[in-house]
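**Q** Fit chain B to the supplied structure of chain A, relying on the hints for placement.
Sequence lines, in order, name chains A and B.
Following the numbering used here, the numbering of the first sequence begins with 12 at its first residue and continues without gaps.
Following the numbering used here, the numbering of the second sequence begins with -12 at its first residue and continues without gaps.
The set of hints was computed from the structure by calculation and includes no laboratory data.
Computed from a predicted model, the values in this text were never measured in an experiment.
For glycine and all other residues, C-beta sits at the position ideal for the given N, C-alpha and C.
It cannot be assumed that every hint is accurate.
[To be verified] Which residues of chain B face chain A? A partial, calculated answer using Cβ under 8 Å:
# : residue
1 : -7
2 : 13
3 : 26
4 : 89
[Claimed, not checked] If you want the ones that stay clear, here's a sample from chain A, every Cβ over 12 Å from chain B, calculated:
#  : residue
5  : 39
6  : 66
7  : 134
8  : 187
9  : 199
10 : 207
[Claimed, not checked] Calculated lysine-lysine pairs in the DSSO-like style (CA-CA distance at most 30 Å, straight line):
#  : chain 1 : residue 1 : chain 2 : residue 2
11 : B       : 4         : A       : 37
12 : B       : 85        : B       : 4
13 : A       : 188       : A       : 164
14 : A       : 164       : B       : 62
15 : B       : 4         : A       : 221
16 : B       : 62        : B       : 4
One-letter residues, chain by chain:
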Amino acid sequence: MQSTLLEQLQADRAAKRPVVLATFLKTGEQRLLYLVGKQGLKDLDPRIGEAARAALLEDKPRTVETEQGPLFLNVFNPPLRLILVGAVHIAQALVPMARLTGYEVAVIDPRSAFGNAERFPGVALSNDWPDEAMAALKPDLRTAVVTLTHDPKVDDPALQAALKSDAFYIGALGSKKTHAARIERLTAAGFGPDDFARINGPVGLSIGAKSPAEIAISILAQMTQALRQQKSAQEA
Amino acid sequence: MSDIDVDPLNQAQTWRKSGKGVALATVVTTWGSAPRPVGSQLAVDEDGNFVGSVSGGCIEGAVVTEGLDAIQDGKPRLLDFGVSDAQAWEVGLACGGKIQIFVEKLA
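So that you can see chain A by itself, here it is in the shape it has in the complex:
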């Protein structure tokens, strides 16, 4: 690899630009491929562009056969993100676990008694209302959103924003009864069964979790399942 190419790749990663590093395995010749249209791909087989796009969307590197031999497409996607709504005890356990798993974590809680730097040192915190905070954070298909407050005033706007986004995982803390009431409110707000199927509620895999840390594990496990097995809330 040329140092100049590595510098460009590092700049792309720093700017959170999804990029594919294409390497001809016979010669070591390399180039970077981006999602923007077909620019820069004119001299490449269109199949390569398509494969690079699929690799980015699925976050899965692959090798494609070309006239110049095998071409390896390595994927450099921006980090996974987790948006936690509710700076509660479970969040305190979930933040370090999610970071260890590779997520950039943001915590939203308009109640500064909960969402403050003493309880969440070094964490990106927002004390804005969730609708504003979510609009600023712009969840995408590499983002998980989990609501933890139990308070419809705080959770519902965040859930609505999450449902309007491509977030790959949406979880909402609360019992089955709480969840049923939530579905009623969302129905009144114009959401339907396809939306509800995206919400994991009660949140987390059923592993008998009791303590905040155990509940955090069950949530992170379910996020991992959604990410790696592409299971919807209904199948899980």
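**A** Frame of chain A, contents of chain B only:
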């Protein structure tokens, strides 16, 4: 920041900027129960220091050696490791998987 957060590309860039010879190894293909997914990387400097991983520790030694060779001769190489490989006896994957690794010098 703990050790497992050390990013091979960041480290490779840091080493290169300090004037060291550097090679990168990348998992390009896996069969069976390979321990690290395709795309996993390891960076090695001319002194044999390395960060990142391409297996569960079973073949890192051999990959580092190939990396040192690549730093010397500048040629990329494609390495196969697995149970059916002759090298497997020495540096094989205990888990029974097979992996292919691309090693290149950072020029």
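**Q** Indicate, hint by hint, whether the structure satisfies it.
**A** Checked hints:
no., hint, result
1, -7, "13 Å, violated"
2, 13, "6 Å, holds"
3, 26, "4 Å, holds"
4, 89, "6 Å, holds"
5, 39, "3 Å, violated"
6, 66, "9 Å, violated"
7, 134, "15 Å, holds"
8, 187, "36 Å, holds"
9, 199, "44 Å, holds"
10, 207, "33 Å, holds"
11, B:4 - A:37, "27 Å, holds"
12, B:85 - B:4, "34 Å, violated"
13, A:188 - A:164, "17 Å, holds"
14, A:164 - B:62, "61 Å, violated"
15, B:4 - A:221, "49 Å, violated"
16, B:62 - B:4, "21 Å, holds"
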